[in-house]
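Enquirer: Residue-level listing of the chains:
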Amino acid sequence: MTALALRLKRSGHIPVLAAAGCTVVLLLVGSMYSQNFLSADYLLLQLQIASFLGIIATGAMLVILLGGIDLSVPWLVTVGGVMSAAAAGWWGATGEAVAIPFGIACGALLGAVNGFGVAYLRVPSMIFTLGINAVAQGLIVVQTGGFAPQDRSTPAMHLIATGRSLLGIPNALLVWAVVGGATLFLLHRTTLGRSIYAVGNRERAAYLSGVDTRRVVLMCFVIAGACSAAAGVLLTGYSTKAYQAMGDAYLLPAIAAVVLGGTNILGGRGSYLGTVVGVILITLLQSILSVMQIPEMGRQIIYGIVIITMLLVYGRGRRHSD
Amino acid sequence: MEPILELIDISKRYGGVRALERARFACAPGRIHALLGENGAGKSTLIKIMSGVVQPDEGRIVLEGRERRFAHPQDAVSAGIACIFQELSLMPDLSVADNICITNPPRKYGLIDRKEQRRIAEAALARAGAEDIHPLAPVGSLSLSRRQMVEIAKALSRNPKILILDEATSALTAADVQRVYTLLKRLRDEGMAIVYISHRMNEIAELADDCSVFRNGQHVATFAAGTQSDAQTVEMMIGRDIEHAFPPKPPVQSGLDAKAPALEARGLSWQGRLHDIDLTARPGEIVGLGGLDGQGQREFFLALFGVLRGVGGELKLEGRPVQLHSPKQAKRDDIGIALVPEDRKTDGLMLPMSVLDNLSFAALDRLSRAGIVASGAELRAAQDMVKRLSIKAPDLSVPVGTLSGGNQQKVVIAKWLMNAPRIILLNDPTRGIDVGTKQEIYALLRRLAEDGAAVLLYSTDYAELIGCCDRVAVFFDGRIVRWLAGDELTERALVASALNLTTTEAAAA
Amino acid sequence: MNDDWKFHLREHKGAYAAAAMFVVIFALYILNHQAGWTAPVITTAANKGVLLAIVAMAQTLPVLTAGIDLSVGMVFVLANCVASHLVVGTPLQAAFGVVAVLAVGALCGWINGAIIVYGRLQPIITTLATGTVYYGISLGLRPVPGGDVHAGLADALTGSLPGGIPAMGVVLVGVVLLVWVPYRRSVSGRAALAIGSSEAAAYMSGVNIGRTKLIAYTLAGLLAAIGGLLLTFVTYSGEASSTIGGVYTLNSIAAVVIGGTSLAGGAGTAIGSVFGALVLRTIGDLLFVFDLEPLWQPLFQGFILLAAVSLGSLQLLKVSNRLDLFK
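Chains as they are written, first to last, in my numbering: chain E, 1 to 322; chain Y, 1001 to 1509; chain G, 2001 to 2327.
Extracted from the complex, chain E is given alone in its bound form:
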């Protein structure tokens, strides 16, 4: 058996298949409510919207694989959006050109602080990223209140977020595909990817095997920060405006998507394909709930119940006596 086959056999495909099955069910349910739910146009639109969540979920997954969690997603998304729009306003033409990388770099920088706190100061990720989230919020408040920067997106951002160039495929989807492809490669074919799984399983053993586990953790948080910010940039492009609290609605769905895709919340196990399916699943769920025109109250309740139900179907842990 080749090495690749061996690796695939162990990647735990059952949750991925189950999530895919649920996706099909959702598509069928949606088509019962609206004729054009299964139309190519609508599905492409769904994938476009899913791309934003997908990019965030990519970063979230890496951190969860390590056995941690990134609660700074909400405000790092906002940082990405606000800073990229601001750059365009500050630096004129060059600003417009560097807006996107600048926004992402701000997210990566805060992600690096996250990584430093978790890997080197050994503060639990839940609480440190919570703190960074608060700091990021503080920074944005000062920034927008004190300096009133531009909050309009650049044409480039708008184009990437909403345009369709290649065969009518949304640009945003292409961006997600590139990010996803790179992540897939990272996790399956590189030493860093292997180390991520090892650290998530048992950091102590990984350290004693001669791996710089702290650097691995730091890199994952940097990538997660960059992903969150990148999504913020795209969201700003999509709505042509950056605004505070634009990231609040993405934290829970991102974590839910990762977990529904079969990644173990405790770390060490999970496949990126599962996360992709999980993202699509969550996006479809949210779309169906709005197509069915259920009031906000109903949407929240159904959302939560559906997640729990799906997890009960295929995400359960083992009994003690096993």
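None of these hints come from the bench; they were simulated from the model. Check each hint, because a few of them may be wrong.
Okay, the calculated bits of chain E under chain G, using three or more residues with CB under 8 Å as the criterion [unchecked claim]:
#: 1; segment: 17-25
#: 2; segment: 45-56
#: 3; segment: 113-127
#: 4; segment: 141-150
#: 5; segment: 201-211
Cβ coordinates follow ideal geometry from the N, Cα and C atoms, glycine included.
Dock chains Y and G against the given chain E, drawing on the hints supplied.
Expert: Only chains Y and G this time, still in chain E's reference frame:
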């Protein structure tokens, strides 16, 4: 004598693996019954079924003439069966008293009566011979040996009729081992039935009244202790004849001093736990670290592997002075050190990951280019190692946690051999491993030495130190108090040095 | 016998540190406040601080079992909405209302526990999902802020007693003495710590894991509901705000950590979390009193939160066996 506990036709499967197949066992009150067998023979599963941790698929348990089912560990405890496991059942953050009285504590007005609980704990500790342990101390702050004594006290506090010990002495200091032997004999004389698993033949010889041998999940034989020789017993356990336990040692070579030492430590100190260690190891040598548990041997290995900070003294590798900061640096090709840690489950392996992933993990840099893993080379190297060390695994893709203890340890060693290390540190590598695999490992160590590596072996098993090592450095209180080699390397000398007595004092003792 | 207090100190040093921190910060606040040590000032501080303190107590219980409850904020909000409907009218009706609110909270907690124990799902994702459900129900009860509460009860509990002692403070002490202390000394409370310390060892020792976790999460829901009830007395209305719910959840986690309880479970006390919550609340007030520009306050609060939770890591930096850094 009427048996107090009988297990009849017990079968248990884990997935496709048959852990027990129509196994039979019976123990009588007032007798110490030893359970013997290789790892994977089914002893641990049998014990877990006896103590209610695991349910049998088939078969009956008969306690004092009545058929019973233990759905939960607590059922077995209430029925009078107390078990002391290899993996301790202690909660590190809780105090000794809390741990001892964790279930069914004394109560006052519905809440826990702390004073009474403390009294019970003190009594249990005294019964176990460990009065010096403070009942309010958090268990996590105690040494492994003391924790094991607390575990024993906890089992005794339930006044069991049947006491089961699974490798209970493997973590104990020599002094505590003696206390436990005395305790067990006294309990036996008081009428308790004791079931005892151990891989140490000398323990069996000292303690057991009856012996039962298991192989491949089945009961092979039961006999009174002393009626079978060690060799016959081992043959029953592994089903084949074994000649010598240890590979022959090369004669002391005169040219040995001419070779540059692979490792030279001078005045190595750390934090009050290591004082002024001078140790040299030459390529081709197996150097042993002896002495009681916890005298600095582990810390010495960690210092050599770059894990400790603030290490004083000098370290030279092949004549070059080095400062080690991390395992990552220590395993580099130009330094070439490997450490096989003592706890394979938490320090040596990532249990849920595949055998392949674990094997290649320490050598990924060698098996990859620019950060990308070369899967073909990785697979070939792994298959190579499996063959070389005879690792028994159904497939390279299964989680390494499903392998037996002996094979898991082989994976840990193989993982490091992939780097072709020149200095190999092994921290009690054969603890809790069956006889057959132990021998394979001894032979492997000698082969590695012959191929030019310097091997340092820390072991708590005197027979192993004497059988494997060319020289032994005995540690006491963070110092090397004695070097033993050749004819001097005897069990008596090891014991005496370990207690820091001179031989004349030991002779008088 | 002499050593006993040493063990007690070592076990609770986090809580004592948090208490000391609170005393210092509160003293600073009072000294710099225009009105100083007067009944209104202390009562206002108590009315805000006690709410978070009780939610922090709620969060402590699941954390001790090495779990987490990300729905406490939403149960808090839900209880507030229910109270704004039911804790009205005659004293008898209001009393029933109070019981109903507490029952709702306990039920929410029990549902969390049941899914975690019988469904064998992880606490993070379970409570994240149930949180949205509880929020949805709150929205159903109070689509827009409104409602009312029994004025007499509200006034009494948000006012001050003779001597300047805030009534809320008495309520807090009451909750600690009637809920936390008996729980901590009960078999179930100790079992919770056992599970957090080592679930495998606890199972092998015969601890009833399922029942212990159920009780811990149910009590957490109950405590969160007490907090929500008290919120109603402070605001005189019910509001289904996901922002408030989110803030209380996340701040409760911060309070637990500042109070010396480890997120990994096994050690800690709700009393520490109470002081952690009071520290958090007072810092916000302190920044206000120091006349810090409102614009800069969120940033400062964020920094202080970060610093407070990183404090515990300082001792790790002196570690000389690097293996101790990894669990």
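Enquirer: State for each hint whether it applies.
Expert: Hint by hint, here is what the structure shows:
{"no.": "1", "hint": "17-25", "verdict": "violated (count 0)"}
{"no.": "2", "hint": "45-56", "verdict": "violated (count 0)"}
{"no.": "3", "hint": "113-127", "verdict": "holds (count 7)"}
{"no.": "4", "hint": "141-150", "verdict": "holds (count 4)"}
{"no.": "5", "hint": "201-211", "verdict": "holds (count 4)"}
Hint compliance for this structure: hints 1 and 2 are not met, and every other hint is.
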